[in-house]
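Protein chains: 2
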Amino acid sequence: MDNHDPSLDAARRRVAAAYDPELLRSAGHRLADLLAEHLRSVQASESVVLNWCDPRELSAEAAALCPSFSQGTIVGDAVDASLPGLTRRFAELVQLSLSHGINLHDPRYVGHQVPAPVPIAGLFDAIGSVTNQPMAIYEMGPWGTAVEQAMIGRLAECIGWQGTNYGGIVTHGASLANLTALLVARNVTLGESWERGVAGATATVASDKPAKLVVQADAHYCIARSAGILGLGTDHVVKAPLDERRRMDPVRLDETLRELKQAGHPIVAVVACACATPIGAFDPLDEIADVCARHGVWLHVDAAHGGAALLSRRHRHLVAGLERADSLTWDAHKMLFVPALCAFLFYKDKRHSYEAFRQNAPYLFDPSMPGLAEFDSGLRTVECTKRAAALALWGVWSLFGPQLFADLVDVTFDLGRKLYARLVDAPDFVALHEPQCNIVMFRHVPAALQDAPPERIGEFQWLLRKAVVQSGQYYLVPAAWNGVATLRCTLINPLTTEADLDGLLTALREAGKVILQRF
Amino acid sequence: MDNHDPSLDAARRRVAAAYDPELLRSAGHRLADLLAEHLRSVQASESVVLNWCDPRELSAEAAALCPSFSQGTIVGDAVDASLPGLTRRFAELVQLSLSHGINLHDPRYVGHQVPAPVPIAGLFDAIGSVTNQPMAIYEMGPWGTAVEQAMIGRLAECIGWQGTNYGGIVTHGASLANLTALLVARNVTLGESWERGVAGATATVASDKPAKLVVQADAHYCIARSAGILGLGTDHVVKAPLDERRRMDPVRLDETLRELKQAGHPIVAVVACACATPIGAFDPLDEIADVCARHGVWLHVDAAHGGAALLSRRHRHLVAGLERADSLTWDAHKMLFVPALCAFLFYKDKRHSYEAFRQNAPYLFDPSMPGLAEFDSGLRTVECTKRAAALALWGVWSLFGPQLFADLVDVTFDLGRKLYARLVDAPDFVALHEPQCNIVMFRHVPAALQDAPPERIGEFQWLLRKAVVQSGQYYLVPAAWNGVATLRCTLINPLTTEADLDGLLTALREAGKVILQRF
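Chains X and A, in that order, give the protein sequences. According to my numbering, the first sequence holds residues 271 to 789 in order. According to my numbering, the second sequence holds residues 271 to 789 in order.
There could be a bad hint or two in this list.
Below, in silico cross-link-like pairs of lysine-lysine (BS3-like), each with a Cα-Cα straight-line distance of 30 Å or less [what the hints assert, rightly or not]:
no.: 1; chain 1: X; residue 1: K531; chain 2: A; residue 2: K618
no.: 2; chain 1: X; residue 1: K618; chain 2: X; residue 2: K736
no.: 3; chain 1: X; residue 1: K618; chain 2: X; residue 2: K688
no.: 4; chain 1: X; residue 1: K620; chain 2: A; residue 2: K736
no.: 5; chain 1: A; residue 1: K688; chain 2: A; residue 2: K783
no.: 6; chain 1: A; residue 1: K783; chain 2: A; residue 2: K736
no.: 7; chain 1: A; residue 1: K509; chain 2: A; residue 2: K618
no.: 8; chain 1: X; residue 1: K688; chain 2: X; residue 2: K479
no.: 9; chain 1: X; residue 1: K620; chain 2: X; residue 2: K688
no.: 10; chain 1: X; residue 1: K509; chain 2: X; residue 2: K479
no.: 11; chain 1: A; residue 1: K531; chain 2: X; residue 2: K479
no.: 12; chain 1: A; residue 1: K783; chain 2: X; residue 2: K479
no.: 13; chain 1: A; residue 1: K688; chain 2: X; residue 2: K736
Read the hints as simulated data drawn from the structure, not as lab findings.
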């Protein structure tokens with residue numbers, strides 16, 4: 271041990287400079303101005319939605335800014351390490367980052383199920399990022415745990431759950447939440463699969479037939495993935511038939527379950543959607559819950575997008591019956607308009623939340639403080655260390671009250687109706703469904719293509735989308751209907767106007783004309 | 271459709287107020303001052319490390335601040351919705367959050383493997399939180415993707431990988447990274463387990479014996495969990511024997527693998543650690559890689575904590591051989607000192623990174639833009655939507671250069687040695703190992719307990735820790751050695767001083783005296 275190692279003294283001085291509170295202050299003020307000006311400009315559509323760039327070039331640009339390990343490794347060689355110098359450099363890096371990101375706050379962003387978040391939500395989130403409030407055990411993230419518990423309580427009230435029977439947890443996204451819920455369903459259905467493995471467990475249940483997972487045919491890809499991850503096998507995912515509006519058909523679900531059981535297959539769960547991804551179809555949850563109850567099958571509802579409808583008097587009928595799910599997923603980073611990621615996983619019976627992981631880490635969970643384990647999130651999530659991911663939602667909720675979330679649902683669902691009305695009125699557009707929410711799937715079919723074969727019309731949609739997106743004018747996404755490509759919008763920036771919707775159709779028509787010249 | 275629904279007009283006005291760039295600006299400036307003042311105060315140890323509070327009380331306090339859904343739902347009832355009013359309220363909520371969090375920047379924080387992060391890292395992170403830069407497909411998070419690619423390249427250089435053969439991805443924590451790597455190993459080893467399930471796949475491999483996962487006996491609990499999640503079964507986790515310094519013993523690993531193979535068990539992977547959690551033991555990776563190569567077994571290294579040693583000339587010998595791993599995990603939110611979560615998963619052969627999830631989502635991945643898929647992170651992570659989690663690391667690296675990371679490793683590893691030296695010199699403390707890094711496990715055994723049975727000495731450690739932590743003086747964690755409780759420190763705040771280490775021993779002695787009066 272050498273207390274006076276001069277190279278360590280120098281290291282400590284460099285570290286102290288990096289941890290200087292005055293650097294945080296001056297950089298924080300610069301950031302506030304840069305973000306506010308950027309938001310103003312983006313909301314005014316002064317630039318592009320997406321500044322499209324080749325990913326290799328952009329990655330090279332990001333790499334060029336950070337010196338490689340093998341290059342000189344002493345701060346100060348190339349850097350002005352004074353406080354004003356570091357602040358200036360910080361501002362340059364922020365500016366560059368803002369200029370190369372996607373601008374979800376541009377009202378012409380009508381893309382994926384990822385919102386233009388309430389801007390101040392990101393500032394609440396930054397409390398956790400700057401101070402680091404990691405969860406896993408209560409002690410390490412006491413306030414992160416408290417706000418998560420508060421929001422679990424508030425959302426449970428929306429679901430219609432009172433008391434202390436239900437359980438909830440926040441995790442990093444709906445894919446992980448769905449995986450965790452289906453892990454619980456697997457552990458419950460195939461009794462010893464956690465300990466003995468799926469191969470060992472299937473040998474102990476009543477049947478030696480492989481277990482099946484019955485899912486909405488349009489369910490998000492993470493559901494089938496879960497079957498692959500959990501050792502059930504994607505081949506054992508059974509798609510439940512849909513009705514003409516692509517909602518799960520309870521009568522045919524009943525038949526499917528009966529047939530599977532007669533053939534001797536254990537059923538891990540039924541996965542319903544509120545709503546399904548492609549066109550935002552809401553399954554009839556009450557009738558599905560009846561069917562599942564009759565067969566004694568676990569009902570999981572992926573309400574990642576649609577859970578927020580519970581907060582709207584106009585739209586909550588879409589999720590009637592959600593309270594009957596054994597487990598459900600609800601993303602705050604979709605229709606509660608906070609930044610990614612903040613996904614809620616709920617269990618009707620909280621005891622099930624401990625079924626996911628049947629083991630503990632003795633160095634984490636303290637037997638001298640019993641009763642705290644309920645607040646140690648690591649016992650119930652795939653993550654050990656977890657961000658304090660609910661801070662943003664708690665902050666926005668506390669600042670504005672729940673009415674803001676109702677407003678956001680009402681305004682964006684209304685935009686879905688408005689886009690649909692325009693498509694119906696336009697002879698050169700085809701709406702593929704009447705929207706139940708803010709997701710709309712459609713095609714642009716100009717007169718010249720009215721009699722073209724479907725594949726060609728589909729190919730035209732791909733080219734249209736690419737042209738419009740790479741021009742920076744609008745951002746919308748590709749999809750498919752019966753195997754043929756379509757366009758798809760999620761109206762998830764509440765500042766989008768009717769003029770923006772008119773402009774979208776115009777932009778697609780203009781791009782179409784150019785494409786048709788060489789199509 | 272009613273364009274003039276007055277209640278929707280009111281909703282749009284409330285939404286516009288919440289999205290006002292001027293609110294972001296004024297709140298951002300308040301946040302900068304509040305965070306800087308908090309950091310200054312915490313770094314000066316003016317308050318407590320942890321303001322301990324009962325979790326039920328704290329959750330109730332967090333809930334009391336956000337109105338329930340069933341209460342009045344109109345903003346303005348209880349809220350001053352003017353810009354100054356909202357800014358004032360925002361500042362109150364920030365203050366409250368800061369006062370109830372854990373203060374990792376207090377130099378007396380010597381707890382879990384979670385750092386006091388470089389403060390400005392959180393501001394880089396906030397760019398993504400305020401503007402929302404979700405990844406999954408390149409288009410939606412172009413800059414998030416670019417900085418991730420840049421950092422993958424920089425860390426790969428540290429590992430010693432050049433060219434384009436390796437693959438890397440960022441995910442939400444090492445638990446998820448380890449799970450993903452072991453999923454790949456499972457898919458590679460049990461050829462059709464993704465499609466047919468583990469039960470179906472084991473029937474097709476050469477043996478019908480259950481597959482085994484061979485792990486460092488002290489590996490993090492997420493490794494055994496992965497066996498439970500992946501359908502392999504926690505019963506099929508085989509612990510590889512350790513040497514006297516709790517490092518994996520390559521000779522006995524060789525024997526273990528030979529015995530398992532002779533008995534007909536497929537081997538999914540060997541999991542080594544750099545370093546293992548309990549005492550920070552670094553496995554001899556070169557020799558382990560030799561053994562794995564000889565048996566043709568996948569080698570995964572959990573270098574979540576120790577990967578950063580690669581950046582230090584003094585300590586990189588600890589991870590010699592890391593470049594020979596088939597897959598490895600490295601958390602930037604541990605020893606690269608950025609806030610949670612930013613975990614890197616690397617594959618020696620990048621083709622393996624597509625083995626994890628053998629399916630795609632047609633509405634996400636665009637066939638008209640081939641070659642982009644390599645930049646669509648969602649193809650290779652459990653997450654679909656993902657935060658732009660590498661922004662903080664990229665920002666710090668670009669601002670200060672890689673020397674800062676070398677400094678942080680050197681300074682904190684040195685603190686580990688300094689604590690150890692004090693323990694060795696103190697007759698009433700027992701160091702349980704000579705530290706290889708910044709993790710130190712020990713016990714306080716005052717004279718009165720020198721002859722007490724081990725369980726009683728262990729019980730004393732639990733009570734000591736609880737007393738010191740709940741007093742707010744220091745934060746350290748519980749652990750166990752041969753089944754008996756210990757104290758454990760990770761020196762992961764680089765501003766911790768020798769005086770703080772002296773004070774830790776004093777605080778434990780003082781708490782011990784009080785406990786002994788009624789023990």
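Hint check:
1. X:K531 <-> A:K618: violated, 44 Å
2. X:K618 <-> X:K736: violated, 44 Å
3. X:K618 <-> X:K688: violated, 36 Å
4. X:K620 <-> A:K736: Since the Cα atoms of K620 (chain X) and K736 (chain A) sit roughly 28 Å apart, the hinted pair holds (cutoff 30 Å).
5. A:K688 <-> A:K783: holds, 25 Å
6. A:K783 <-> A:K736: Judged against 30 Å, a Cα distance of about 14 Å means the pair holds.
7. A:K509 <-> A:K618: Distance of about 24 Å is within 30 Å: holds.
8. X:K688 <-> X:K479: It is violated: about 50 Å lies between the C-alpha atoms, which goes past 30 Å.
9. X:K620 <-> X:K688: Cα-Cα ~41 Å, so violated.
10. X:K509 <-> X:K479: holds, 18 Å
11. A:K531 <-> X:K479: Holds. K531 (chain A) to K479 (chain X) sits at ~28 Å (cutoff 30 Å).
12. A:K783 <-> X:K479: Roughly 63 Å between the alpha carbons, so the hint for K783 (chain A) and K479 (chain X) is violated.
13. A:K688 <-> X:K736: violated, 59 Å
The earlier numbered hints that this structure contradicts are 1, 2, 3, 8, 9, 12, 13.
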